[in-house]
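Construct the complete structure from the given sequences, taking the supplied hints into account.
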Amino acid sequence: MRPNLACSCVPSNPRMARPSRVLERVLAALLSRRSWATLTAASTSSTKTARLPRMEYQDAVCALNTLQTNASALEQVRRERGHPQLQLQAMRGFLKRSGLEVEELDSLNIIHVTGTKGKGSTCAFTERILRNYGFRTGFYSSPHLVQVRERIRINGQPISKELFTKYFWQVYGKLDETKDGHGGSMPAYFRFLTILAFHVFLQEKVDLAVIEVGIGGAYDCTNIIRKPWVCGVSSLGIDHTSILGDTIEKIAWQKGGIFKPGVPAFTVTQPDGPMAVLQDRAMEIGCSLSMCPDLEEYQPEVGPLRLGLAGRHQRSNASLALQLSRCWLQHRCQSGLCLSVRRGHFRLHGLLLKMTCILPGHLQPSPPVENGSISQASSFQPSTFMVKGLEDTEWPGRTQTLQHGPLTYFLDGAHTTRSILACVDWFREAAAQQERAAGGPVVRVLLFNTSGERDSGALLKILASCHFDLAVFCPNITEAAASSSADQQNFNVTLEGILTRCLDNQRSWRSLIRQDTRPGTEFLIPGGLPLVVERKMASALVFPCILSALRWIAQGRDPVLVSSSQPTSMAPANAAEKAEPMREAAAVHVLITGSLHLVGGALKHLDPSSSA
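Quick note on our numbering: the sequence shown kicks off at 1 and runs consecutively.
I should point out that these hints are in silico values taken from the structure, not numbers from a laboratory.
Since the structure is predicted, the reported quantities are computational estimates derived from the model, not experimental observations.
Even glycine gets a Cβ: it sits at the ideal position worked out from N, Cα and C.
If you anchor each label on the Cβ, the simulated ranges turn out as follows:
#, residue 1, residue 2, range
1, Pro559, Lys205, 39 to 49 Å
2, Ile462, Gly93, 35 to 45 Å
3, Pro559, Gly93, 50 to 60 Å
4, Ser107, Ser160, 20 to 30 Å
5, Arg92, Ala576, 57 to 67 Å
6, Pro559, Gly273, 43 to 53 Å
The structure is reproduced here in structure tokens:
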């Protein structure tokens, strides 16, 4: 989520959250003691519709955003900080208040995935493979890039605005109606979305749900899942240290908290310390743990495996996805359930038939692994559905390339040291290939921002090795316009804080490239917020929002940005002197990284279909 300067739901004072006028009307209906059930039922009556608030998609998102900062949510955080086990207890309570029992989640046939780097990509690979078999898939991930409904997907597509709105008000209503008996408490933002995802998947009758952990694992609100079919742990690293611990071993302990008794778990190659912790967790909980082979060890019928996601680091994610998919399919077959009849795929009824006689090679039962031990998972010959699934996987904002005329945008939401290192490897290789075919000079531009507790200086130091001609910094504000979407609001940051971060990043970059810094001029973000920019711009510029940064970089050469109806935001007064190389270059290569929120804000403008 990104803070916005002028959305209908954003308060005039950015430090305080106020609901929209539409939401105020909805809340007024509640205060008049009309139940949500009555309210939503009445909305279908033609005689009453005119007197009811319109509960449309943006109204639902505005109501959702109030859960970012409501007092009860903040009190939850304070109360649970020293007792993390209370988080799962509270989550179970909210789930029950929404009308679901934890036991009902067992029927979702869940694949539960955690990790520091690559867990989202692993989930995307896994979902695409199993969808290729004809299964109706659910996929819950975070964060969203452009619209919040991206977090909840059916058959690979974000649920429609209509479905999101329908299920949102059903769940929100039940929780609101019961809050008086629970101290006025409502679930915080991520908790609510997790509950909503479970409701959607159950109501839409998915065959399976791929669930990505939010933060950590042991005390993440997704970990109320009792009986997943298989668990996965992608590459581990240092992140969210204030919550998970300040060593990779402490973080591994948290990640291993998603293991369940008797449920097979898989991981990729890890450093010795965290791998030992994962093994201890498997032994403690009572499950097997297998390490995935290198992707090169799989033997497809024709040629090497091709991945829809670029970057060498995706190979371990793909191997983990193959193991998770295979294990899930084996579980389904051993349960006597058919694989699928959709799109002409094969079907297995064989409860009374020997599985080894009927299953294709890649689904033959694996040798049993003793609980608490770690073994090397065997490679196998992937089916055509698996091969095609890996090749067709799409996961926007992760090693994604967009070509707009002479401009090529390289987008990757990397935000940890290890993921930035992987991003640099990918960018160097991908950009070099395009530069050889450019037929003239190429300008390299970095568009960067971070959020949370990230060490921006450390990430910029890694990125400096790419030899950018120019670095551009901006906050995760999509645009300084009243048309901004409520999907991209964040009430938990202040404008002062995020703009200070940008200036700090600019200074860090200048220091890295040994440029002098000098005090300089001031320009205004529309609305009157001052932003100080150095008089000598050297190789670093600061812009007030993502759109203004993109438009300045493009210099009118991007047909998508040129056709945009959004007004141009103000740029630094002395930025013109830096624009000439971008106007004259044969090609401009722009790496956008450091934050998934930054990448999402950029995609909103670079790929208009993402916000349709």
